[in-house]
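**Student:** Residue strings, one per chain:
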Amino acid sequence: MKMEDMSLSGLENTKLEALAHDVYSDLVEDACLGLCFEVHRAVKQGYFFLDETDQESMKDFEIVDQPGVDIFGQVYNQWKNKECVCPNCSRSIAASRFAPHLEKCLGMGRNSSRIANRRIASSNNTSKSESDQEDNDDINDNDWSYGSEKKAKKRKSEKNPNSPRRSKSLKHKNGELSSNVNPELYKYNYSSGISYETLGPEELRSILTTQCGVVSEHTKKMCTRSQRCPQHTDEQRRAVRVFLLGPSASALPDSDTMLENDGYDAPDGQLIMSRLQWDGSSDISPSDSASSKASTNNSESKRPKKKKKPSTLTLTTTGSGGERDKGQERERGDRDRVVSGGSGSSSSQNALALSSRKKRPKLPVPPALSIYDDLN
Amino acid sequence: MFNRFQFLFQTNTSREKQMRAAINQKLIEMGERERLKELLRAKLIECGWRDQLKALCKEVIKEKGIENVTVEDLVAGVTPKGRALVPDSVKKELLQRIRAFLAQHST
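Chains as they are written, first to last, in numbering that gives the first Met the number 0: chain A, 0 to 375; chain B, 0 to 106.
One or more of the hints may lead you astray.
Distance condition first, Cα-Cα at most 25 Å in a straight line; then the derived DSS-like pairs of lysine-lysine [stated by the list, open to error]:
hint : chain 1 : residue 1 : chain 2 : residue 2
1    : A       : K43       : B       : K61
2    : B       : K53       : B       : K91
3    : A       : K43       : B       : K90
4    : B       : K91       : B       : K57
5    : B       : K90       : B       : K80
6    : B       : K42       : B       : K80
7    : B       : K90       : A       : K14
8    : B       : K57       : A       : K58
9    : A       : K103      : A       : K81
10   : B       : K16       : A       : K43
11   : B       : K90       : B       : K61
12   : B       : K91       : B       : K25
13   : B       : K36       : B       : K91
14   : B       : K80       : B       : K36
15   : B       : K80       : B       : K25
16   : B       : K63       : B       : K53
17   : B       : K91       : B       : K61
18   : B       : K53       : B       : K90
19   : B       : K16       : A       : K14
20   : B       : K57       : B       : K42
21   : B       : K36       : B       : K90
22   : B       : K53       : B       : K36
23   : B       : K90       : B       : K42
24   : B       : K63       : B       : K80
25   : A       : K43       : B       : K80
26   : B       : K53       : B       : K16
27   : B       : K25       : B       : K36
28   : B       : K91       : B       : K80
29   : A       : K79       : A       : K58
30   : A       : K43       : B       : K91
31   : A       : K14       : B       : K91
32   : B       : K53       : A       : K14
33   : B       : K25       : A       : K14
34   : B       : K42       : B       : K25
35   : B       : K42       : B       : K53
36   : B       : K63       : A       : K58
If you are wondering where the hints come from, they were derived from the structure by calculation, not from laboratory data.
Please build the complete structure, drawing on both the sequences and the hints.
**Tutor:** Below, the structure written as structure tokens:
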């Protein structure tokens with residue numbers, strides 16, 4: 000039974016196969032017939048041989064294969080070497096450059112900077128203040144820059160400083176300390192920076208926490224790129240912050256915004272050192288600390304400095320415990336005195352406490368403190 | 000048993016004819032035949048078969064004279080070669096599609 004079934008289906012298969020072939024042949028024959036009908040109609044209507052040309056014409060229009068000539072037989076750079084005389088400046092210009100030259104020469108084309116040229120010509124004759132205002136209009140049209148209105152504009156170099164071509168090559172050189180380029184070239188205001196002289200301390204701080212801020216030697220402007228801008232190093236950024244906001248306020252960009260600047264006189268080196276140590280221990284949880292009170296102290300330290308915090312004194316070393324229970328002066332003042340009486344490591348601890356105050360949410364105080372406890 | 004074998008090995012029975020007719024009808028009704036036709040036309044043009052056959056037609060015309068050539072002349076002269084000139088890939092693809100259709104709709 001099974002064999003019969005199999006052969007049955009096999010036969011069916013062959014039948015199906017035969018059927019498929021038949022269908023296919025029908026289709027092919029349909030296609031052939033269709034073609035024959037088309038050709039026959041074309042012949043009878045007379046358009047079958049229309050796409051053919053006679054032999055003579057075929058020779059005339061054959062593809063040309065000679066050097067110096069295209070396939071149609073035309074010379075392609077025939078007019079390249081010809082020169083024309085400009086009617087405006089009477090110079091001899093190459094033919095292919097003639098049109099752009101005319102554009103610039105007559106000051107009538109799209110890119111000819113005629114307004115700029117006109118302005119420069121007029122500024123030669125008028126006073127400086129007037130030309131300053133005109134400069135503002137033009138420059139503000141071109142690009143956005145912060146202190147441009149206030150910055151004194153240095154006057155011309157020989158070339159037109161506002162021409163589009165110039166701006167492209169010079170735009171990215173602000174902030175570089177190399178003096179390879181003629182400093183004159185930086186006088187125009189295509190710069191993408193901020194002039195720190197014109198900003199108040201609050202603005203400075205807010206800018207410095209979001210932007211690179213490194214002051215370019217040439218333009219005296221702050222870099223407006225991100226904190227990780229490749230043109231400047233972290234050292235430069237730190238130096239700028241020290242310079243602009245005072246030595247105690249030189250927290251790095253990756254820390255938080257700074258608290259009020261007390262003008263505290265802790266040495267910078269210790270701050271930096273402590274900061275480095277903080278960075279290393281930032282992943283330790285506060286619960287690991289031996290002195291748990293210090294963590295609460297830290298959270299408390301976020302409040303304004305003059306608040307009473309009896310527990311602050313536990314921050315300092317155990318060695319100088321007796322001196323801690325004093326009145327509530329400024330916390331820093333307390334720590335100062337305590338520190339000065341304490342052991343050598345206490346000063347760094349004090350700096351640690353200071354910087355912990357400044358870097359509040361991110362860095363945990365206790366673990367590093369516990370290190371110094373051990374040292375003591 | 001003998002009857003069964005007879006049934007199996009007979010080729011052009013009425014049953015088979017019936018089946019063929021039914022399938023052809025289905026092909027047409029479902030529009031599959033048209034689709035297959037279009038597919039074949041497109042493929043033949045793509046592979047240059049059409050131009051080849053046109054050249055053959057030209058030869059037939061030049062042979063018979065442009066005024067007196069008839070459809071039958073063309074068909075007789077061109078169709079056998081046309082069938083042979085279909086490329087294998089096109090043939091295979093078409094057969095595949097037909098088989099698929101048959102497998103789906105033969106019962």
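**Student:** Between the alpha carbons of K53(B) and K36(B), is the straight-line distance 25 Å or under?
**Tutor:** The hint holds at about 19 Å.
**Student:** Check the hint pairing K63(B) with K58(A) against an upper bound of 25 Å on the C-alpha distance.
**Tutor:** violated, 29 Å
**Student:** Does K25(B) pair with K14(A) here, judged by a C-alpha cut-off of 25 Å?
**Tutor:** Given pair K25(B), K14(A) holds - Cα atoms ~17 Å apart, limit 25 Å.
**Student:** Between K16(B) and K14(A), is the straight-line Cα distance small enough, at 25 Å or below?
**Tutor:** Between K16(B) and K14(A) the Cα gap is close to 11 Å, so the pair holds against 25 Å.
**Student:** Between the alpha carbons of K57(B) and K42(B), is the straight-line distance 25 Å or under?
**Tutor:** Roughly 22 Å between the alpha carbons, so the hint for K57(B) and K42(B) holds.
**Student:** Take a quick look at whether K14(A) and K91(B) sit within 25 Å of each other, Cα to Cα.
**Tutor:** OK: K14(A) and K91(B) at ~18 Å, within 25 Å.
**Student:** Does K90(B) pair with K61(B) here, judged by a C-alpha cut-off of 25 Å?
**Tutor:** Violated: K90(B) and K61(B) sit about 31 Å apart, past 25 Å.
**Student:** Does K91(B) lie within 25 Å of K36(B) when you go C-alpha to C-alpha?
**Tutor:** holds, 14 Å
**Student:** Would you mind confirming whether the straight-line C-alpha gap from K57(B) to K58(A) stays at or under 25 Å?
**Tutor:** Holds, because 22 Å separates the two Cα atoms, which is no more than 25 Å.
**Student:** Are K42(B) and K53(B) close enough, with their CA atoms no more than 25 Å apart?
**Tutor:** Measuring from Cα to Cα gives roughly 16 Å; hence the hint holds.
**Student:** Take the C-alpha atoms of K43(A) and K90(B), compute the straight-line distance between them, and say whether it is at most 25 Å.
**Tutor:** Roughly 32 Å separates the two Cα atoms, so the pair is violated.
**Student:** Next pair to validate is K80(B) with K36(B); report whether the Cα-Cα distance is within 25 Å.
**Tutor:** holds, 19 Å
When the structure is compared with the earlier hints, violations turn up for hints 3, 4, 10, 11, 15, 17, 26, 29, 30, 32 and 36 and for no others.
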